[in-house]
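Protein chains: 2
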Amino acid sequence: MSITVAPTFSFTLLATDARTGARAGLVRTPHGDVPTPVYMPVGTQATVKTLTPDELKDVGVHIILANTYHLSLRPGAERVARFGGLHRFMGWDKPILTDSGGFQIFSLGHLRKVDEDGVTFRSHVDGSPQRFTPERVVALEEAIGADIIMPLDECLPYGVDERTASVSLDRTHRWAARCQAARTRPDQALFGIVQGGMYPALRRRSATTLAGLDLPGYAIGGLSIGESKAEMHAMLEEVTPLLPAHKPRYLMGVGAPEDLFEGVARGVDMFDVVLPTRLARNGALFTPDGRLNIRNSRFADVEDPIMPGCHCYTCARFSLGYLHHLFRVEELLGYRLATLHNVTFMLDLAGAIRAAVLDGSFIECHERFLAGYHAPDAGVREEQRRRWLEAQARKAASV
Amino acid sequence: MSITVAPTFSFTLLATDARTGARAGLVRTPHGDVPTPVYMPVGTQATVKTLTPDELKDVGVHIILANTYHLSLRPGAERVARFGGLHRFMGWDKPILTDSGGFQIFSLGHLRKVDEDGVTFRSHVDGSPQRFTPERVVALEEAIGADIIMPLDECLPYGVDERTASVSLDRTHRWAARCQAARTRPDQALFGIVQGGMYPALRRRSATTLAGLDLPGYAIGGLSIGESKAEMHAMLEEVTPLLPAHKPRYLMGVGAPEDLFEGVARGVDMFDVVLPTRLARNGALFTPDGRLNIRNSRFADVEDPIMPGCHCYTCARFSLGYLHHLFRVEELLGYRLATLHNVTFMLDLAGAIRAAVLDGSFIECHERFLAGYHAPDAGVREEQRRRWLEAQARKAASV
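In the order they appear, the protein sequences are chains A and B.
Just so we're aligned: the first sequence equals residues 1 to 399 in our numbering.
Just so we're aligned: the second sequence equals residues 1001 to 1399 in our numbering.
These are calculated hints, taken from the structure and not from any lab test.
Where is the CB? At the ideal position from N, CA and C, for every residue including glycine.
Hints may contain errors.
[What the hints assert, rightly or not] Simulated DEER-style distance windows between Cβ atoms: (1) A:Asp33 with B:Asn1296: 36 to 42 Å; (2) A:Arg278 with B:Asn1296: 28 to 34 Å; (3) B:Asn1293 with A:Gly360: 54 to 60 Å; (4) A:Val302 with B:Asp1093: 19 to 25 Å; (5) B:Ala1355 with A:Val125: 44 to 50 Å; (6) B:Gly1372 with A:Glu382: 56 to 62 Å; (7) B:Asp1115 with A:Arg74: 52 to 58 Å; (8) B:Gln1384 with A:Asn293: 34 to 40 Å; (9) B:Asn1293 with A:Glu382: 39 to 45 Å; (10) B:Gly1372 with A:Arg74: 31 to 37 Å.
[Unchecked claim] Beyond 12 Å from chain A on every Cβ pair, some chain B residues (computed): (11) Arg1028; (12) Gln1104; (13) Cys1155; (14) Glu1162; (15) Arg1205; (16) Glu1238; (17) Glu1258; (18) Gly1290; (19) His1366; (20) Glu1382.
Just chain A, same shape as in the assembly:
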């Protein structure tokens, strides 16, 4: 028996912007409500790096991500189940979304082999052989017990030819249907994942095919993998009009402050991205003016907080000078305080966007943001991404 919509999951569309595709809504899950647009911090290994569940709650986090691939290796999905599921295991009683791990398997350069039935690859931890099929991924996600679960999908690298992308896409669609059929827990909502590379026709085919499965929500995957912002926006514009309006839309792995606006303007409701937490540990802190690098010596003597008016603990209690010192001497407290600030910044930004959509001022909100914020240019972003991919490749090569 296939269960398409979990009875305890729903999405209510509260407002649609008259001038853009922006929407405000409310996702209901068995572990609580998620107002959208929403930023979802990433807790890959059952922890949003450096923070406690109570700190996440205190700054207003509604929902977090975890990763099925990582958790299935350590501590093991069955072990999480024995602890009563991921919520109990990690002490977080609000909603959780688990990614399937498709992105990790396909992007981290491990030896892998795809066939119609699934994908064979090696663990990045110990090199052991692993096998993911759509059915196994659903079983793992049911053991982990998140509120929203994602199907196994094939994530192709940027630049793949259209023929390859098309063959892969059809398989990803068959996998989605198999995931849907494999489900046994009515309390979890399985989303679809739209793929199709940078090919408008494939993206449209993916959106309409998956819409036909009547899943409770839809993700857009395979973006922010090396393409330009313009390409990403073009793909979003192909996809969101074809997705059902009364289902939430989730843009996977995207969500720098400037991207939140661009995604919302094109009808996206949910965003997950490691950027705010990863940048924080590197000392890059969000402000309404753009990012600042706390390691810069110009902050050594500054008594002001990162961002006057910010309600996070870091800004309430500590100066830029103290944070600069913590980063300079590589104290773990610095990574914590920086993470707390960046997560707060993203939550507040998503909250401001939602309020603007609700009162019809989304465009003005976006313009105010753009007037102040200096986003890093494409070169800086590309350099960061390149360095990160290299580090991942080194990790993978060391297995």
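Once you have looked at the hints, place chain B on chain A.
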């Protein structure tokens, strides 16, 4: 003009055990009271590693240490002063004690040269030449602004001959007097530091000489540097009877759970030690039975907390299985939660010892503790110490 006792500093002896040297008292400082016996967490670089000031307060920390040598290099004592002193810089409004850094200078293997006037050495950060004299150390400590400050002293390695120890000791005494004379801030209390290696006659000479300076408190330094526990206890027994009873006594760098009892029994009031926080980051957690190693796979499926009944956040919220997972995947949250627990354990232990001294049951309290607690044997301790000293030597050699 020399100021021997800061007007805002006092020590009240509340109880003395009838059967041992154990005492309970209250130290008053400009930033609040410190009930003794007390465990003082170490915040070398203006942060108790991984924890916020509010977490320290929540678990009941009364006073923390910081290090003049480290802070003078980064961020610089003058910079701390511009921020209004260390309390404001790090957001901690309770008492602080600064060690002079003598121990670091003399023990970390840097190139150093001692003369009558002071010590020349190289920074472990950048190899830059540095010069500490008694007067400079006091000036640095006055800029940093702790409530209790320590004089520059010479820390000799274990095994030094008596003649060398004697010459050094006299210079350390002259330096203490020079520190006393150099003070200009009446709100700071300068303690003396008893040295003398493992030579009873030198230890006695040091105690009586420094007692003659009528300082507001006395530390015992140069212990736990490689000698046996029996030697350390013997040295304490030489020294504490010669120190004025109405002044607090501080045993520097000593304070494993079992050492707390041994020190208190010999008349010590204050303890600082990095052990609880350093062990925590290595995954060694204190319990009434002894240390457990959270990395051990036997904890992977355990739903119990580290220590039932412990009031720390870690024990209230997380299982041994989850902590094991965090350490296995090297998540920073694990180091935080472990540190919080070990600090709480030490504070509660010191609190229990104090209560027992006050109600006349110190020996029974000690016996109950010993009946449950399995201290690591001397071999394990020695191995840990050796590895740590090697790591320090490597760091020093890399300058």
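Enumerate the violated hints, using their earlier numbering and listing them in ascending order.
-> none
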